[in-house]
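Trainee: Listed below are the residues making up each chain.
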Amino acid sequence: MWRYMLKRLALSVVTIWFIATATFFGMHAVPGDPLTSDKATSAKIRANLEAKYGLDKPLTTQYLVFLRNLSQGDLGISFTQENRRVNDIIREHFPVSATLGILAVVFAGLGGVLWGALTALYRNRLPDTIIMFLVILGISVPSFVIAAIGQLSLVNLNNLAGTSILPVGGWGTVQHMILPAMVLGLSTMAYLTRLMRSSMLEIVNSDYIRTANAKGLPSTQIFSRHQLPNAVLPVVTVLGPAIASITTGGFVVEIVFAIPGLGRYFVQAVQQLDYTVIMGTTVFFGAFLVFMVIVVDLFYGWIDPRVRLD
Amino acid sequence: MRAADAFTPLAQDQAAAISSRPSLSYWQDAWRRLQQNKRAIFSLYLIIGLLAFTFIGPMIWTVDPSSQDVDQISIAPGADRSAILVKDYEPWYGELSEDFVANDNAVGLTFAVAPSTQSVRLSWQAQGERAAGGYRIYRNLFPITAGRSLGLPLAETQNLYFEDRLDLRPIDYYYSVVALDERGEDSDLVATLSTTVTRVITRREAERRGLLDAAEQVAYGHEFQLKLHPLGTDYLGRDMLSRLMHGARVSLFIGLFAPILYILFGVLYGSVAGFVGGLTDQLMMRFADFVVALPFLLFMILFKVIFGIGPGESGIMPMLVAMVVLLWPAAARLVRGQVLQIREEGYIGASRLLGAKTPYLLLRHMIPNTMGVILVTVTFAVPSAIFTEAFLSFIGMGVAPPTPSWGSMCNEGIKTMLTHPHELIFPALFISVTVLAFNLLGDGLRDALDARMRNRE
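Chains as they are written, first to last, in this note's numbering: chain A, 309 to 618; chain U, 477 to 933.
Excised from the complex, chain A in its bound form:
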């Protein structure tokens, strides 16, 4: 177990290094730099700025400096937002993205399991048909359209009610989080519902369910003690990739609902070629995803003792 953990950790360090290196050289291959702006700067000012940020040194030196700082957890200072440390940007804005993401994953997970179980119980009957139709809709409509439609219907709802039931955009209170989290989690929920349904149906015909039936266990207990825990297993395996897709898909929702999350800073930094912010957010996101995959794997080993970690 500990050997396995050590191996996984070592591998994830290498993965993060690979991401950082590829991003670093890829980023510098893009023409232009963060000091290029609309304002005319004289050659001297530019040289001073370059010296200040260390851009005058050869690329390999910059790379080594970056790696040394990274190993000490220092991600540097933003180029475009003066005197703002990248660590601070991440510290301030990541909790927003993370809260949104966690809410979305919880919403998607609970909803997916619930709806999936329901459809399997009511197989080929009306509830099943309705839910599966909604699921196909949820998978087929792009997230930004769902976000826009959600916002639009909220505006109409607020207009109808005459008061603001839920705020249309912004961030701060729980009310702000409800709609964005639902929009963000919807496609994942649809996917999980399908998965849950098929794994439930597989279990319905298994031997131990028949045994439980034969020994006279009430169907509610069969459902909660035997079917549900076993059917949830495949859902847990895809939670890792789901978290990844939710964090990367998060910034569409962040843009539409004007949420000050990290995703927005990342897109902005990429557009302005803000080297340090790009590197910081990329390495941070990469590390976060690698970490989440490990957590999900460990969790899977815990809930399913048949899976051996090695």
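Bear in mind the hints are in silico, worked out from the structure with no lab data behind them. Remember, it's a predicted structure, so these values are computed and weren't measured experimentally. There are no misleading hints in this set.
Examples of chain U residues lying across from chain A (beta carbon under 10 Å, computed):
#: 1; residue: Phe766
#: 2; residue: Gly872
#: 3; residue: Pro897
#: 4; residue: Ala904
#: 5; residue: Leu916
Beta carbons are placed, not taken as given, at the ideal position from N, Cα and C, and that holds for glycine.
Could you slot chain U onto chain A? The hints should help.
Mentor: Chain U in isolation, oriented as in the chain A frame:
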């Protein structure tokens, strides 16, 4: 009994046992099963229809997707497209002519208006003294109720008339005239008037748009029908139907070719890794894991910049290359798993005993046997590629304008969602229907091709 006597050879003219039904190959059997799946067949027709829309459509509907119809901007489908011929514009100094409509519900101000898309002419009278600070004119698109703003302030004037020529559309406007006090601030004296603007066209414009011959004699007040836009126009007055057709090319091109290319690469990579095994396999799959972890958006932009989108280029190729380079590992992993499984099968061992070399084994046995899984993966990868294109174009990192794509059309449509919902609804609908069709087809193919996955629903 000696072994030679155990079998008696069949006589030449004797027929072999006839099987009760003709034998079907794997693909024939799969096709038969697919045909029984109504949803899959329906989605197959839907996809054929979409392809026809994309490739045959522009031959029938030959409107240029980038030409602008400035008379009909953000027009909803089926909207009135008549225009009335009027005189050329002449300056106006406040005189009331007979085409003014008076309005007398105003308090302290009597208000008259002559609306057309050429100009909206407002005239009002002070009942009693004229306002000390003059008047301010507002325009709103929505009815003005208590507590709502009066809208866009257009001008301040000392005169008792005003002419609005600012970006007029044939819709309802709500004009308000507010008397100002000595300090130039709004007083309580407000008059509001709703007016329906009629679309007009001058003779010169009508000739330029080809609605009228130079020699033709037409009286003023004649009604013209402007150009037809079956699905309306966007915020620049471009024909939606034509843009949807041309946008479909981009979306379907990316949606079909990117998955085919990256899955092809993934299949080669994965089958080599799975077949060779050992350290090579470990290293190759580790590299695939690294690629998965790369930030997609950043590298997308990187490819775009390295390729360089010159003027007039659409930016489709960089997107395609980036998707191929970044998305192959999932297919590689899948195929590797399949190959690892098949490698242990008896017929591989038999083939190897007969002297088959690795490339032969790969091409003859491994890849054909994983073909079903691969085909299903491609079908499911199409929706995600279409989504990716739409998503990238939506955040402005996809195709360069004026090339239309469904994603970029959604991006434009979302800005005017409240006032002109059709600009968002149509491209969103096309994306959704396409994705839906491929998803249903994928479900059907999976059921038809993969015996183990079948009958789960």
